[in-house]
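These protein sequence lines are chains X and Y, in that order.
Under our numbering, the letters of the first sequence match residues 1 to 469, in that order.
Under our numbering, the letters of the second sequence match residues 1 to 469, in that order.
Hints in this document: simulated from the structure, not taken from any laboratory.
This structure is a prediction, so every number in the text was calculated from the model and none was measured.
Among the hints, a few may not be true.
Said to hold, decoys possible - If you want the footprint, here are the derived chain Y segments under chain X, 3+ residues with CB under 8 Å:
| hint | region |
| --- | --- |
| 1 | 11-21 |
| 2 | 84-96 |
| 3 | 127-134 |
| 4 | 214-228 |
| 5 | 415-424 |
Every residue gets a Cβ at the ideal spot worked out from N, C-alpha and C, and that includes glycine.
So you can see what is in the structure, the chains are spelled out below.
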Amino acid sequence: MAFLRQKTAPVREKRAGTVGAWTGNAAGFLKESGLENLEQRIRTFAQDAPSDIDYALDILRTIEGLAVVVHGPAGCAAGLHRAWGPSVPWAVTNLNERDSIMGGDAKLRAAILEIHKAHSPRAVAVVSTPVVAINNDDIDTVAEELREELSIAIIPVYTDGFRSKVGATGQDVASHALVKHLLPLRRREQGTHVNLLSVAESRADVESLRGLLASIGIESFAFPRHSSISDAHRAVEAVLSVPLDPDASEYLGKSLEEAFGIPYSSIPSPVGLLGTTRWLTTLGEVLGKVREVDELVDRETRKLSGLFGASESYRGTKVFVNLPASQAFAFWHLAQELGLEVVGIKVPSIAKSHAAAVAEFARQAPELPILAGDGQAFEEVNVLGKIRPDLYITAGPPPVHALRSGIPVLNLENVAILGFAGLERVARGIERVLGNTALSRFLAEGAEEPYEANWLKKSVHWYIKQEVK
Amino acid sequence: MSQILHEDRNGCALHGAVKAISAVEGLVPVLHASAGCGLGARFPENTLAGSLAGTAGWQETSGTNLLEKHVVFGGTSRLREQIKNTVKVLKGDLYVVATGCVPEVVGDDVPAMVKEAREQQFPVIGISTPGFKGNGWHGAATAIRQVLEQLPTLQDLPVAKDAGLVNLLGIAPGLDPFWEGDLLELEAALAPLGLRAQRLFGIGQKTSDWKNAKNASLSVVLSPWGLEAARFLEQRDGIPFLDFGFIPVSSRDVGLLLAKVSEALGLAPEAATHLALAEDRKLRYYLRKAAPTWLSGEFQRRTAIVAGSAAAVGLSRFLSGTLGQIVTTVVITDNPPEDSRASLVQHIRDASEGIEIDVSFTESSVDVLRALSSARPELVLGSSLERLWSIESGAALVEVSAPLREELVLDQSLAGTRGALSVTTSISRALLFAGHAQASGIRPENAKTAEPRRLALSIPAHKGCESCG
Numbered sequence: 001m002a003f004l005r006q007k008t009a010p011v012r013e014k015r016a017g018t019v020g021a022w023t024g025n026a027a028g029f030l031k032e033s034g035l036e037n038l039e040q041r042i043r044t045f046a047q048d049a050p051s052d053i054d055y056a057l058d059i060l061r062t063i064e065g066l067a068v069v070v071h072g073p074a075g076c077a078a079g080l081h082r083a084w085g086p087s088v089p090w091a092v093t094n095l096n097e098r099d100s101i102m103g104g105d106a107k108l109r110a111a112i113l114e115i116h117k118a119h120s121p122r123a124v125a126v127v128s129t130p131v132v133a134i135n136n137d138d139i140d141t142v143a144e145e146l147r148e149e150l151s152i153a154i155i156p157v158y159t160d161g162f163r164s165k166v167g168a169t170g171q172d173v174a175s176h177a178l179v180k181h182l183l184p185l186r187r188r189e190q191g192t193h194v195n196l197l198s199v200a201e202s203r204a205d206v207e208s209l210r211g212l213l214a215s216i217g218i219e220s221f222a223f224p225r226h227s228s229i230s231d232a233h234r235a236v237e238a239v240l241s242v243p244l245d246p247d248a249s250e251y252l253g254k255s256l257e258e259a260f261g262i263p264y265s266s267i268p269s270p271v272g273l274l275g276t277t278r279w280l281t282t283l284g285e286v287l288g289k290v291r292e293v294d295e296l297v298d299r300e301t302r303k304l305s306g307l308f309g310a311s312e313s314y315r316g317t318k319v320f321v322n323l324p325a326s327q328a329f330a331f332w333h334l335a336q337e338l339g340l341e342v343v344g345i346k347v348p349s350i351a352k353s354h355a356a357a358v359a360e361f362a363r364q365a366p367e368l369p370i371l372a373g374d375g376q377a378f379e380e381v382n383v384l385g386k387i388r389p390d391l392y393i394t395a396g397p398p399p400v401h402a403l404r405s406g407i408p409v410l411n412l413e414n415v416a417i418l419g420f421a422g423l424e425r426v427a428r429g430i431e432r433v434l435g436n437t438a439l440s441r442f443l444a445e446g447a448e449e450p451y452e453a454n455w456l457k458k459s460v461h462w463y464i465k466q467e468v469k
Numbered sequence: 001m002s003q004i005l006h007e008d009r010n011g012c013a014l015h016g017a018v019k020a021i022s023a024v025e026g027l028v029p030v031l032h033a034s035a036g037c038g039l040g041a042r043f044p045e046n047t048l049a050g051s052l053a054g055t056a057g058w059q060e061t062s063g064t065n066l067l068e069k070h071v072v073f074g075g076t077s078r079l080r081e082q083i084k085n086t087v088k089v090l091k092g093d094l095y096v097v098a099t100g101c102v103p104e105v106v107g108d109d110v111p112a113m114v115k116e117a118r119e120q121q122f123p124v125i126g127i128s129t130p131g132f133k134g135n136g137w138h139g140a141a142t143a144i145r146q147v148l149e150q151l152p153t154l155q156d157l158p159v160a161k162d163a164g165l166v167n168l169l170g171i172a173p174g175l176d177p178f179w180e181g182d183l184l185e186l187e188a189a190l191a192p193l194g195l196r197a198q199r200l201f202g203i204g205q206k207t208s209d210w211k212n213a214k215n216a217s218l219s220v221v222l223s224p225w226g227l228e229a230a231r232f233l234e235q236r237d238g239i240p241f242l243d244f245g246f247i248p249v250s251s252r253d254v255g256l257l258l259a260k261v262s263e264a265l266g267l268a269p270e271a272a273t274h275l276a277l278a279e280d281r282k283l284r285y286y287l288r289k290a291a292p293t294w295l296s297g298e299f300q301r302r303t304a305i306v307a308g309s310a311a312a313v314g315l316s317r318f319l320s321g322t323l324g325q326i327v328t329t330v331v332i333t334d335n336p337p338e339d340s341r342a343s344l345v346q347h348i349r350d351a352s353e354g355i356e357i358d359v360s361f362t363e364s365s366v367d368v369l370r371a372l373s374s375a376r377p378e379l380v381l382g383s384s385l386e387r388l389w390s391i392e393s394g395a396a397l398v399e400v401s402a403p404l405r406e407e408l409v410l411d412q413s414l415a416g417t418r419g420a421l422s423v424t425t426s427i428s429r430a431l432l433f434a435g436h437a438q439a440s441g442i443r444p445e446n447a448k449t450a451e452p453r454r455l456a457l458s459i460p461a462h463k464g465c466e467s468c469g
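Construct all of the structure, not just a fragment, from the sequences and the given hints.
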């Protein structure tokens, strides 16, 4: 188990050649990614962005039966206060100045015992933070002692806030910790179900795809997001692991494959009619359900045909898309299906592995702007001002900067967009948002832009430089 | 040893500092910290407490996003680069470098970088706000003092004492969700005395107002968190301060504030008395209007308040002293300095109408729930973190403290007659909504000190948003 023998997961930059700072167009990306790997780049001006801790907490907070202890100063746990959605019981060791010098092992121990007493969790994840990483606090020893004392899984999650330039490394760090410390050592039974690897998806998305699979007789369980500790053993009994987002769950899938021999099938995200059909077809081939998949696709396609006729009201709308890479590139096809024109794509990070997806539309739109960066609204504002889209579509933190500049926003954060039903939801959302754009127009009237005019005139890659090692 | 915090609600010092700086037009925070430190500041406050007054949105905070190499070799050169580029990208009058834990542990020489920028004529100052130094309230208090302290090193306003100018101190933007409305309400309350309030935060408050703070004739301190700045202004600029200690909710406490301010400034008392009577008349008029509703149901309830010092004391005095609620429990959650606690308790007892009020201090949700379980209130004025307990125990909840989930606070206040009336309508709404709860006497029947309730082991999804995540 080469993966799991390590203390934690490697950073995305090393494992997948992921780059968190890149701007250019589709043709330029293909040209560069045709080389070995993308050159690593850094920003000389940056805006605050989620760290690996935020990404890890976003997974852990959804696992039923788990409690989370964030080992660090109080603020490091703030990601658990997301506006919507579930949250497991949690505590923070609240390290103070003295602890930052003398170490906080005793507090960590006390915190795990306290949360165990208050909530009787079936497992406790200990999330490490910058101060703890710098001081090299001994989380392992505390975890080992309490594992015996409490007879529950204690899961050290070695995030640190600074090791990776790509916050999504936290997804791998959390996956690593869960596979290594939560799952049973070996599989006892062989099930017939499929692992739906969900690292970043909403419960609505997960449930919608489970329903789709169930309709053709495939049983599936989500892991790790929206799973529960009591059912975690199912993850090692599955016949196959499939990703909902191959970027987010590749490390997890390969870990499960290596540790338990569960094949991992990397399929692009089931976004839109084409994406969902592809996803299901690949799965059907592997599981011997080709006929059932064909019938399902026929049925769903017929159902959706009415939708394409109804989309006249927004045909030709120019859309800027800000989604995780695997969804964003798949969205190109969804946009085609709905008669929209994608005029810009923003992804949190990008890698050579996306070349195939980009190649599918690069011939039609070689000049299509692509921005890679987590957050970094200043780059978006620069580009939005130049391309002036009619609509901004995302599924994440509210893009106030777009609304403020007069661009209507469709935020799909709490909407299931995967699968066939997702296509319809996106269509309805677009219809609604474009149905009345008064608010964005009002907000933009006479509004003062917080950015210097000089920056908005510059080329968007101005503050991105190749990293000097 | 600082307390281990279950579901911390106050964040860290950096969070409080970022919120405070972001609430002033023209002040631009520049985080010198690892990634995610500024986002954390905004999660608990989230979109439901509104965006702060700063022109750039919550994902647009300039930050150095420190990496491993900066931890090892120091991050000063990264900071130099970030400052130099921030002034070119983000508009501002004053750029405030705020440090997180990492550069403080590593020992980056921030003052040297700030000095360098100043030599280039950029308006930059640096404040020390590592998360391990204290909670968000502490961070806001120290940030305000540090900014005031460093302003004269910039191009400053001349000293021109203004007899009618009063500084309002002690309200922490974002941490106190009603910060903006409260400041506006108090500004309006002081105006008829011929006084101009320097709110320092919120709409229309700029760097020039901060520079003008030294010309005030009085500082009014509305919570223990204003004392650091008030003492500093007293010492440096000879501005006396009035330690009022809490937010005046209701006409009676606004009257008290006006009387004390008049006295401190040597104004004739008649004007304040006259105004107080007018406010009383207004509150009485509207409470009579509420009376038919109030008398047609059981609105007089055993009540608990869970909030920061200033709001908790102010609300308790209004609910007990004017509205006639049976306030039995006040939990103060902002961890105010030890030497301020006795007077907070006294302020509460002064208006308790002879009812014994249990006042406790804790930041940890487990202790808050323990206090609620033992008091068994029928009405809670607290944060969304008390929502689950309220649902399970059948109590009504009015959200008055952060984090909020079911209230969108824009310019609403707790302060003044307006605040008292809006609290009254919120209480009515909450009690009507939770209408099934029967009122009981001052002491809960069969009162016994219940064990702190075990929190639900299942994952609480947000009401009305079961599928989110």
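Quick rundown of the hints versus the structure:
1. Given as covered by chain X, the region 11-21 of chain Y passes the check, having 5 residues with a CB less than 8 Å from a CB of that chain where 3 are the minimum.
2. Coverage of the region 84-96 of chain Y by chain X holds. Counting CB-CB distances below 8 Å, 6 residues qualify, and the rule asks for three or more.
3. For the region 127-134 of chain Y, the stated coverage by chain X is satisfied: 5 residues place a CB nearer than 8 Å to a CB of that chain, which reaches the threshold of 3.
4. Check result for the region 214-228 of chain Y against chain X: violated, 0 residues qualifying (beta carbon to beta carbon below 8 Å, three or more required).
5. For the region 415-424 of chain Y, the stated coverage by chain X is not satisfied: 0 residues place a CB nearer than 8 Å to a CB of that chain, which falls below the threshold of 3.
The earlier numbered hints that this structure contradicts are 4, 5.
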